[in-house]
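In order, the protein sequence lines correspond to chains A and B. Each residue of the first sequence is one higher than the one before, starting from 1 at the first, in my numbering. Each residue of the second sequence is one higher than the one before, starting from 1001 at the first, in my numbering.
You can trust all of the hints, since none of them are fake.
Output of the computed footprint for chain B on chain A, the stretches with three or more beta carbons under 8 Å from beta carbons of chain B:
no.: 1; stretch: 50-61
no.: 2; stretch: 75-88
Computed Cβ-Cβ distance ranges for the label pairs, DEER-style:
no.: 3; chain 1: B; residue 1: Phe1389; chain 2: A; residue 2: Gly210; range: 37 to 47 Å
no.: 4; chain 1: B; residue 1: Ser1062; chain 2: A; residue 2: Ala22; range: 57 to 67 Å
no.: 5; chain 1: A; residue 1: Val21; chain 2: B; residue 2: Gly1254; range: 30 to 40 Å
no.: 6; chain 1: A; residue 1: Ala22; chain 2: B; residue 2: Val1323; range: 50 to 60 Å
no.: 7; chain 1: B; residue 1: Leu1052; chain 2: A; residue 2: Val21; range: 49 to 59 Å
no.: 8; chain 1: A; residue 1: Ala22; chain 2: B; residue 2: Ala1065; range: 51 to 61 Å
no.: 9; chain 1: A; residue 1: Ala22; chain 2: B; residue 2: Leu1422; range: 49 to 59 Å
no.: 10; chain 1: B; residue 1: Val1416; chain 2: A; residue 2: Glu193; range: 49 to 59 Å
Some residues of chain B that are not near chain A, with every Cβ distance over 10 Å (derived):
no.: 11; residue: Ile1021
no.: 12; residue: Leu1028
no.: 13; residue: Ser1062
no.: 14; residue: Phe1088
no.: 15; residue: His1106
no.: 16; residue: Val1161
no.: 17; residue: Arg1178
no.: 18; residue: Val1203
no.: 19; residue: Gly1255
no.: 20; residue: Val1289
no.: 21; residue: Ile1295
no.: 22; residue: Arg1309
no.: 23; residue: Ile1326
no.: 24; residue: Val1402
no.: 25; residue: Leu1422
These are calculated hints, taken from the structure and not from any lab test. Positions of the beta carbon are idealized from the N, C-alpha and C atoms, including for glycine.
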Amino acid sequence: MKRASFFACLVLAACTQSAPVARNTGVYMLIDTSGTYRGEMRKAEDVILYTLSHLEPADSFAVARIDTGSFSEKDIIAKTTFDDRPSTTNAQKRAFAQKVQNFVARANASEYTDITGGLLQAVEFLNEKGTGRKTILIFSDLEQDLEKGYIRDIEVPFEGFQVVALNVVKLRKDNYDPRQYLARLEQWKGQVEKAGGKWRVVNDLDRLDGLL
Amino acid sequence: MSMNVLLAITPWPAISILIWIVVLVAVLYLARHTAHQAIRTASGAISRGLRLASHSVSHAESRLAERNREVLLGAGREAKERIIEREFARVGETVRKDLANYPHLHRGLSDAIGRIEKDHQDAVEMPPEPPGWVRAVETVSKLDAKNGGGDVLADIHKSIVKAHKEAMEAYREASTERHELLRAMMPRWRDVQQLLTDVDKKVESLLSRSVGVDRHMQEYEAIVKREDKAVSVLSSSSLVHFFVSALVLLVAIGGAAINFSLIARPMAEMVGGTSFIGIFKTADIAALVIIMVEISMGLFLMESLRITRLFPVIGALPDKMRVRMIWITFSILLLLASIEAGLAYMREVLLQDELATSALLRGTEGTVENGFLWITTAAQMGMGFVLPFALVFVAIPLETFVHSLRTVLGLIAIGVLRALSLLLRVSGNGFRHLGTLAERIYDLPLFLPLWLEAKWLANGRATAPMPVEELREVTP
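Bound-form chain B, shown alone:
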């Protein structure tokens, strides 16, 4: 039904429009209650559905958070166990080494002390013998001078002076000898002091290690007790590990790209420069495969050395097999590095050949010889040889990246779920309010009949007799 037909119910379009408006308002007024109910039911259903979805997402978020917490605590516990294990191994090694040296140390100290004791005994001052002839001198002095006592005394004096001189000389000699012995004791004292300093250092080292072990043990206990603080620390350190390892991996990717450019060109000489696999050149794929094999060998080498723990199977191998694996992976790496060095040399040769051909085709034959060409050739060969070994160490940041990625992905998922839950909740509320708004908008064109209805109801209430209950006297 077109607009013209609607307007043609009366000869005057304005009147037709008015009639239609009245009819429309009447219809809307009659259907008002049902329409309100429909709007309320629809908005309520959508709102409830969204709130339910929000609740469900919140529940999923909490489950994920719990799981993430478990993963984080598990990883932290494992890492801490490794650290404590290593610390104990170091303490054990130190104790074993020092205790092994202890008999030697004890013997050295006993010898030094024994020598010092002996020297000390030898250096004891011997007291001079008491003068036995003093009484004889007294007796002689009591004799009469006529009986020759004076001569005897003179002789005795002479003898005494002589004896005193000899005694003094002997005493000096003995003192010199004692001093010599005491001087000889000094290096032994120093030996003892040195030995005691060494012991002190070792004990200090053990004490500092024990402090570290204590700290790690406290952290480990916090993890085992599932404390929030431990989770927070682990989470932040996991994020740091993630970004640092990602940065190092980016550097490694740069190295791999350089490596690729070194070997892709000469690879065309081996596998042809015109064959394709899909949309990629076979030579490029071959070069990439070599680099990937090198990285894989590096991973296996690091696993065999027990530096990384990405493959538990390798770590659990018997030591003999593991050592074999180390040698095999290292040999393959060495072989690949040698091949790369050869390819890098070939690249330079090809480049020179191409440059010579281009010069010939451009008509600029006989260009100046570059005397320093060997430097670039050697540098390329060196890079070709060294880069595979450098790529071995990619395993370490890779392991950290993989482990921290789990936590980071968990955190991102939690964030997304939280945002989704909030969005659903807000949308649910929004729909509820939208329902109310829709009711009001529905009522907007019905303002006249609604006003009349309100007026009529007010009049009816005013004329109606008041119920008896309302007229009853109010008693306090």
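Next up, chain A with everything else stripped away, as it sits in the complex:
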């Protein structure tokens, strides 16, 4: 009897884990809406739809714009945590896609580009969701242009995050001096990796297979 109880406890212990492991994915996508990037909105929409098609029930997804002051919930265009029932998840995906399409159709260009604020907002959102994997997608040229008075000299905690820069286009000045472009990429990479995150750059939007 004692032996049977012991085996039953052993089986239960094997099946039950002390703390539930989060297996879901959280994705936060930042879209640059500054003047240079206004024309790239369709590409951003494609990336969003691709991401939507690859997310599963219980995953979280948010899309936010990068504007003058991006550290704000007001900049979130659409956000959702998918239900654990597949049919409801499909309905949520369709509604999300509709919201994004509406935004792309009537998005205004912003004067300044506050990338750091957007990243802070993304980190805060994903930490709050507590997802197992956390990915931040930045659809931008990575050229930060802050309005006077905004302080963004902050170390963002990227521990456990994967940051993917998408479609980092070259600016006109980069063509004159490519070192500026490379330096910009290097600066963001260093900032992310220094804070414990992983950094990737994906410029070929036709091949997003390993994005998530």
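For this one, chain A is given, so just place chain B on it according to the hints.
Just chain B, lined up with the frame of chain A:
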């Protein structure tokens, strides 16, 4: 102590090496007897230990073989008893059925024979009456013609001709009637023939069954007498049963896998698609549990129907309770099959929803409508409904597999033990020979002192005086 120190005992390393070799050989020579004894004792101990182990394993193998034989004979006897019991039941049923029909058959035969007899009597030919007027004709013919005898004879002739004509007509009529009666007898003869053919068939069937029973009884007797031939037959048939049932079980596992894929996806709608138990999705476990419950119900149904005998408790239940159990298990199966059909339909709906969403996200909205979609939906629902009932029959190969597994495992264990025994025996012998080899290898560097020793012993034997016994004259 390093090599350099050893070589530094003299200023010349070669000399040092030589000295060391001489010392080593001397030490080895002095310790030779003890070393040989140690090697012999060690190798002998290991060899004896291994041989003992081999003997023990052989003993275990024979015990296992005996037990396996008992199990095999027991299983064979049980199976044969079941077959003979069934054969007797069939014979009993046939006899009961035929004997129940026997009065009817007897009455039919008696009626047919009675009718035939009556018809036969009616058909007997009646002999014509003897002509009584012949003597009168003779008397009249003796009369004188003058007395009118000629006229009388002419009248008689006329009457005779007329009577003959009438008699012939009556005879023809009677013959026709007799033929009619004989014709009417033919179907009755056929009835009798048919009845006798039926009886013959039934008797033949009984005889063939009795031949089968005889054969089974002979085999049963061979099993009871524990003949080697019976054990060999049972063993080979057990292996065949094992492989065949394993094959059928594999097919059943394939069916269960299909069943699983039909219901696992929609199950996520019921229990959620993101919860896990251990490393497995709860939805997958729930789907698996449904399939396992179906298989269990199938087992119970087969047990209740007394087709399988895995659970003696169910087989020993009173008939009333057993019939109740049949209905309960069948109802649960029907319910589960209906649930599966519903889940299969839901799977198709979910799949279409997912495809539509993917198309929307890919920007390929408005794809061509599939007019034959209902066929796949219906097929899935049909499979969802039928597969649980098909899985019921898993109980039969499962029972055979379980029963034959015992024998097969026993045979494998016997094989392993036999191989182990052989290995131990060979190792024991090997160690004994290794001891001898080690002694020889030990002696190899001592060849010089051993040669000298042999020489010295030979010289000593040559110079020593011969014992008196050896010089005594040999008498025949």
